[in-house]
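J.: Please arrange chains B, C and D on chain A, whose structure you already have, making use of the hints.
Chains as they are written, first to last, in this note's numbering: chain A, 590 to 982; chain B, 590 to 982; chain C, 590 to 982; chain D, 590 to 982.
Because the hints were derived from the structure by calculation, they are not lab data.
Everything hinted at is true.
No copy labels: a pair is met if it fits in one copy or bridges any two.
Calculated lysine-lysine pairs in the DSSO-like style (CA-CA distance at most 27 Å, straight line):
{"id": "1", "residue 1": "K873", "residue 2": "K829"}
{"id": "2", "residue 1": "K810", "residue 2": "K873"}
{"id": "3", "residue 1": "K592", "residue 2": "K636"}
{"id": "4", "residue 1": "K829", "residue 2": "K771"}
{"id": "5", "residue 1": "K939", "residue 2": "K636"}
{"id": "6", "residue 1": "K711", "residue 2": "K979"}
{"id": "7", "residue 1": "K713", "residue 2": "K979"}
Now for the letters of each chain:
Protein chains: 4
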Amino acid sequence: MAKPLRVGLIGSRFMGKAHSNAWMSAGCFFELPRDIVMSTICARDRKATAQFAQRWGWTNWTADWRELMDDPAIDLVDVATPNHVHAEQAVAALEAGKHVACEKPLAATLADARQMRDAAAKAKRRGAMTFVWFNYRRCPAVAFAHQLVRKGRLGRIFHVRASYLQDWGGPSTPLLWRFDAKQAGSGAHGDLNAHIVDLARFLTGEEVVEVAGAIEHTFIKERPLPAGEGTLKGKGARRKGRSTVDDCVIFLARMGGGAVASFEATRLATGNQNRNRIEVNGEKGAFVFDFERMNELLWWDNTLPSAERGWSRIMCTNGGDHPYADAYWPPAHLLGYEHGFVSEAADIVKAVAGRKPVCPLPDFEDAYRTQVVLEAAIVSARERRPVAIKEIG
Amino acid sequence: MAKPLRVGLIGSRFMGKAHSNAWMSAGCFFELPRDIVMSTICARDRKATAQFAQRWGWTNWTADWRELMDDPAIDLVDVATPNHVHAEQAVAALEAGKHVACEKPLAATLADARQMRDAAAKAKRRGAMTFVWFNYRRCPAVAFAHQLVRKGRLGRIFHVRASYLQDWGGPSTPLLWRFDAKQAGSGAHGDLNAHIVDLARFLTGEEVVEVAGAIEHTFIKERPLPAGEGTLKGKGARRKGRSTVDDCVIFLARMGGGAVASFEATRLATGNQNRNRIEVNGEKGAFVFDFERMNELLWWDNTLPSAERGWSRIMCTNGGDHPYADAYWPPAHLLGYEHGFVSEAADIVKAVAGRKPVCPLPDFEDAYRTQVVLEAAIVSARERRPVAIKEIG
Amino acid sequence: MAKPLRVGLIGSRFMGKAHSNAWMSAGCFFELPRDIVMSTICARDRKATAQFAQRWGWTNWTADWRELMDDPAIDLVDVATPNHVHAEQAVAALEAGKHVACEKPLAATLADARQMRDAAAKAKRRGAMTFVWFNYRRCPAVAFAHQLVRKGRLGRIFHVRASYLQDWGGPSTPLLWRFDAKQAGSGAHGDLNAHIVDLARFLTGEEVVEVAGAIEHTFIKERPLPAGEGTLKGKGARRKGRSTVDDCVIFLARMGGGAVASFEATRLATGNQNRNRIEVNGEKGAFVFDFERMNELLWWDNTLPSAERGWSRIMCTNGGDHPYADAYWPPAHLLGYEHGFVSEAADIVKAVAGRKPVCPLPDFEDAYRTQVVLEAAIVSARERRPVAIKEIG
Amino acid sequence: MAKPLRVGLIGSRFMGKAHSNAWMSAGCFFELPRDIVMSTICARDRKATAQFAQRWGWTNWTADWRELMDDPAIDLVDVATPNHVHAEQAVAALEAGKHVACEKPLAATLADARQMRDAAAKAKRRGAMTFVWFNYRRCPAVAFAHQLVRKGRLGRIFHVRASYLQDWGGPSTPLLWRFDAKQAGSGAHGDLNAHIVDLARFLTGEEVVEVAGAIEHTFIKERPLPAGEGTLKGKGARRKGRSTVDDCVIFLARMGGGAVASFEATRLATGNQNRNRIEVNGEKGAFVFDFERMNELLWWDNTLPSAERGWSRIMCTNGGDHPYADAYWPPAHLLGYEHGFVSEAADIVKAVAGRKPVCPLPDFEDAYRTQVVLEAAIVSARERRPVAIKEIG
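So that you can see chain A by itself, here it is in the shape it has in the complex (with noise of 0.2 Å):
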């Protein structure tokens, strides 16, 4: 029997729950090599963080995550918290010889992120792995995109459009840690631009080589700040504070086979609650995602009759068939969000285990070169010019 992969996870909001589902389900959906042990939760509300533990079934927990490094019963420490914690939390953990796995974007800077990369290249070397949660890339559909590229069905690939839009940014959100530069990095842009360059390197196999025009913008620029925080006394009225990232940022680029790209990212498009969305035009074929259908792939197969072409609406849901399908349900019993997660730990611990996982899986090398085409994205909106991605790093 194989020894259990033992997980030590930081943070316990949003992100601490999705890898806390991912580490109690991917074992149960999932044939795999080594069982997963909930070893350790990290948070800094201690009363928090110990009802956390107990709901979602890890052994122990404790407000400091430095424990965690010294803690030898531990083999792979999940970086879950705000992005500018990201680099201290990882890097001290690939020095204490753990494996690491860090949501994404990798960083909060360029320089975080490159002190990141070269950490996990110096651990790679001590046997040490790296992995981010870009969960999109195991979407069924996603997965499936993916293999038809490497198939060669699309051929020439002419366009990528892609675009992350949310809504929820309207002028009456408070002031959250999200639109503090400082915690963040960025707004919509490291959170939600992220995601798309990644898909857009991971689907097409090519990289961004140059980004050739971009705006960067605070539609609002004073907001509420939270409940708690900004109540003047005796008043009701809410004090206001600054935001200091972006509220979108589009950019245009030039991927290295010679396609034309558009990414943007948005907190403002009214009506587009969670639209991860990227569409692919090749000569022989072309692919839309769309995360707000996130098990349909819409597929136009360019070498069918013309009068059969059509976009075939295909539900990747079929075991055997699609990526990931055969751990879950029948067809068309539909996935959700939390999936994503599930099936990139149990493709952690197959890659830990030396196995191979589904699909490629990113790590800190690999979202290093997404967050260098997100800086040169923020300079080229910044110094009004086109910018080389070499420029940049």
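T.: Chains B, C and D alone, transformed into the frame defined by chain A:
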């Protein structure tokens, strides 16, 4: 140069307008073997008819439909009047040696339909042709589906699921002629089920052989009288009158080839304005047509590799590929409702000139088969029992 | 601290997996009044059951379901076995003083269902509760539609149009237990119509009062025996066996409030993999739910200004707004098939603890009403006549 | 009785056909203040033009466009020729005292456009009117969206996302005039971006103020010569020629009111045949128009209770509710591509007669503003820098 085809039209309401447009446009869009001459329009209101004639380019007008029968300068009489006068007008025209194109349903009663079929058979021996305006057959998407079935692309047919849902018949809709059994024969049944029974027969190439069960229902038993008719003097309140037709008829049937079928027509399907929808599921393929997206055919090719099967949304607008499309605009420059009539007018001219229409044209015999199915459904609903089609006609 | 609820589960196939996941996850996502203890799993194959227990976290396992009945450490027995053993197992559990949660349909025969209903009534007086896993009620979109109806947003209901279309039952599908009337009771009918009859009753709050006509049909009369069972020695050819269940049952009905309804279940609707769809048209509003897009409700508000009426695609994923959504993820981070079970497990725990579930839970009496409708449809199909529901039960 | 409006048309290809149909049909569908007389058609091929005249009902024909200018019996000259001759013909017509309706884009070069604008301004003082066939403004769905914006239903606008995607420009498409910069001025840019820049300006009521970045790209640098032109004698092989226009132009922009905008035109977006799509996200509402479903407007009312917000698919076909719909057919009896031209012809007649068109008609001044934006995009792409609109014109 071939002799032109001289047309006389009876009716100037909704269908009078649709047919006038068809006769005006058919020769512009299509290369026709005979020119169309819009000879005479006939309707009851003299002043309005004179104006209508001028507007749509009819050379003459009259308020007496019998004048058309006596006019040697008319080759084809187009009957676009309420259902209860179809028989009298069509039979008179046939007896006068004219070709006849009649609006659907063929007639208000089965007795009328039978009389028309017999007159058509007799006239046919003298060279007169009959046509029925089942316009939906000539949506490119429908005609393309018809070709797919003919080529064996569906294989054995399991299911036919047809419905024509409208929602204009709510309680505030006044007591128009369509709610009067004497004029209309029936309500949603003759108006809407006529279309989908024709489509089912046309698309599958199979006849309905049994109605297994049916419901006929009138939800709104009393309706306000139309403006002008129903106002109580000095009161303003609207008087009500009794609706004598069905609001919906729904029935189950078996097709000659073994398929199980369902048909539903209703005017109270809130949210469905003109949803003429038919789905056919076969062993090798399936399709869905929905008139509210009339340019599209949803096609499922069950012979593709299972990983790539999906509902393919084919825009049936490619000249060369899709029937009728080459007469109009480039791909995805959409067609509308009226084009079914334009294309049918063109096919009628071809048929009269001895050419083959793009897809089969229904004659009175064909429309009579549809009428028999409608009658069987009513008998089934009223006698609360299955009804074999051969019992009826 | 409340006493935990200790669960014993019978069944480890598709439903055994879905229920295990539900019991595992319910307490993670929901704040529950009692902890869930996954006590004992029971299934026939000893080795596989031991593995299943370990994988999904069941403390004990057994191959003898009667052990669960005798175990005082089990509070609730969950029956996830083929239909023909529901009655024996559920009644035994009720007699042993357990709460019972049973998979749908309630039973394979009406006689079994009646026995279960009676046992449940008796046990209820002793405090035992019964539940049936009509999981689709707990799709947030369905539960939200239920609220709209309760609030009077549809007004008078005219039409219910329900269908559950699958396509896995083609001629090459082997003779699984689901095609054996002894084990399954029926084919598509009990499997699929059970769901949509429950949904129609749940969503409208009205009972079916008459089946007006029905067709029961078996398209594929012989099927290959399953691998291992049917190979002729030394030949390789697959032997065939007789299917003794329907492939489709379709029927027309009348609801207590005057609506006209149709129901269709089939396994041969090529292109429809799991299309559980219900449309309800009312005077003031209408909705469509389609499980293949389970996160969305199509809602037509007929009281809006007519220019602005349309089918509104509501993503039913907002915590605070849509039932169950607050337990899971942020808006438009989609839910999947399994969440219906997780939410039902949570509601069962609440109900057992005397709390109100988020939306009504079906008990044996409720599921018996559904079973009566299914029986009426079969009687109507076989005796070729309308059947009043009160004739049956 | 008002004097009729006598029209002379130059051009008999795709646009010649669309305009002929518009002049023929406008007076049938619409109640117009002046009758339309289809006076003279002009095109280069004498025989084909004579046939065209007969087919579409033009009284006279000529191969010399200058004859139209000299003909006192022509009130309005309609210019439907390739872009590079617009200026010469339109200016001549204006100088001859005619009203002019010109196809879009206004001209092949900014210099031409400026000349046309100046001529129009001068002629305006003498009472001559100018019009540009931006036909998409008159899709009922677009005109309805325009009304929603005017009524303040969107509030502050954050995003404009416009793209016009076609896919007919693959490598096998021959070197038509549209690929020759001398005749066409540009490729996808003038052909397609012209439409969506007009739509963005029309729909938001805001001007583009800056192009922030742009890419102009020619994927297919050499194309086969058209049949007849390119065959090497005795060889059968097709010779190739150089494409001198863009295949795609994509650019980022800022609107006068602060919105961030993107525009993309391409002929290589495999799977998109005629996808003219614009999305506008405002604080109070948002809409999406997609020409491939031209009868529908997706409308998101952000002021509804949050539980009921969704993309509402409004079928913009209700007479009384939706612009232009009352001229044609009952609700959901769809309109097609050509109706935009018919409705524009009707509005032109109204405008010439001093009546108010249903929605604003673009004149040369207005189309010149669009042309300036197109020029700014090209300058931005070529000089690789942001370009302020006021730099250009």
